[in-house]
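Dock chain B against the given chain A, drawing on the hints supplied.
Chain by chain, the residues run as shown.
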Amino acid sequence: QKEVEQNSGPLSVPEGAIASLNCTYSDRGSQSFFWYRQYSGKSPELIMSIYSNGDKEDGRFTAQLNKASQYVSLLIRDSQPSDSATYLCAVNQAGTALIFGKGTTLSVSS
Amino acid sequence: DAGVIQSPRHEVTEMGQEVTLRCKPISGHNSLFWYRQTMMRGLELLIYFNNNVPIDDSGMPEDRFSAKMPNASFSTLKIQPSEPRDSAVYFCASSFGEWGDTQYFGPGTRLTVL
Chain A
1 QKEVEQNSGP
11 LSVPEGAIAS
21 LNCTYSDRGS
31 QSFFWYRQYS
41 GKSPELIMSI
51 YSNGDKEDGR
61 FTAQLNKASQ
71 YVSLLIRDSQ
81 PSDSATYLCA
91 VNQAGTALIF
101 GKGTTLSVSS
Chain B
1001 DAGVIQSPRH
1011 EVTEMGQEVT
1021 LRCKPISGHN
1031 SLFWYRQTMM
1041 RGLELLIYFN
1051 NNVPIDDSGM
1061 PEDRFSAKMP
1071 NASFSTLKIQ
1081 PSEPRDSAVY
1091 FCASSFGEWG
1101 DTQYFGPGTR
1111 LTVL
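These protein sequence lines are chains A and B, in that order.
Numbering (this note's numbering) for the first sequence: 1 to 110.
Numbering (this note's numbering) for the second sequence: 1001 to 1114.
Extracted from the complex, chain A is given alone in its bound form (with noise of 0.2 Å):
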């Protein structure tokens, strides 16, 4: 059974720390990677997807990949209270449903 693995947390940091958020999925045919926010009672948004191998950067938020060791993370840079939500990893390969992690919970304390 194709599976994603987060910590479900609290991830505790303070305002301007780096938060590091990671994932690990068990499909070696894996292909497509993102990350999801989700603010309490609200629904998923997307904040990066990454496809290869490496680091991906848009603004604060960068996504690693490591195929190998099957594992993506999300690193957070100058973290903000407004940041404080639950980050969803959905991990698939081509053809195949989105399978979703159960979710990290990020606190950022001010």
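Think of the hints as simulated: they come from the structure by calculation, not from any bench.
Heads up, a few of these hints could be off.
Cβ pair distances, simulated, as ranges [what the hints assert, rightly or not]:
{"hint": "1", "chain 1": "B", "residue 1": "PRO1008", "chain 2": "A", "residue 2": "SER20", "range": "36 to 46 Å"}
{"hint": "2", "chain 1": "B", "residue 1": "SER1066", "chain 2": "A", "residue 2": "SER110", "range": "41 to 51 Å"}
{"hint": "3", "chain 1": "B", "residue 1": "ALA1002", "chain 2": "A", "residue 2": "GLY41", "range": "14 to 24 Å"}
{"hint": "4", "chain 1": "B", "residue 1": "LEU1114", "chain 2": "A", "residue 2": "GLU15", "range": "37 to 47 Å"}
{"hint": "5", "chain 1": "B", "residue 1": "PHE1096", "chain 2": "A", "residue 2": "ILE18", "range": "32 to 42 Å"}
{"hint": "6", "chain 1": "B", "residue 1": "ASP1101", "chain 2": "A", "residue 2": "GLY59", "range": "15 to 25 Å"}
Glycine included, each C-beta is placed from N, C-alpha and C at the ideal position.
Structure of chain B alone, referenced to chain A:
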């Protein structure tokens, strides 16, 4: 531009009643997904439509659940009869393309079955 629209936003019903959830995808999107989210199980895909055709319904829990997409702008998820264990938030999402493309989620329907 309107995003994915879902109705109702909240539904409280009694065990045994029929529940119908509705979804209008983003115009131009040709894939539609129904998800269920609970604390215990996280976000689970129930069914996926592409060009109004059900492609994968392996996530539908049992025969009590059914989904339709009569046209490109409307889909329903029906539970009949409902049970307390069906209580969850049900999300509809749409995308332009297929599995690997960005999915845009609706606001969700919070269902409570008493």
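Hint check:
In this structure the hint that B/PRO1008 and A/SER20 lie 36 to 46 Å apart at CB holds, the actual value being about 39 Å. Here the CB-CB span from B/SER1066 to A/SER110 is close to 47 Å, well matched to the stated 41 to 51 Å. For B/ALA1002 paired with A/GLY41, a C-beta distance near 20 Å keeps the hint of 14 to 24 Å intact. The hint said 37 to 47 Å for the Cβ distance between B/LEU1114 and A/GLU15, and at roughly 42 Å that hint holds.
Taking 32 to 42 Å as the suggested C-beta distance range, the pair B/PHE1096 and A/ILE18 conforms, at roughly 33 Å. In this structure the hint that B/ASP1101 and A/GLY59 lie 15 to 25 Å apart at CB holds, the actual value being about 22 Å.
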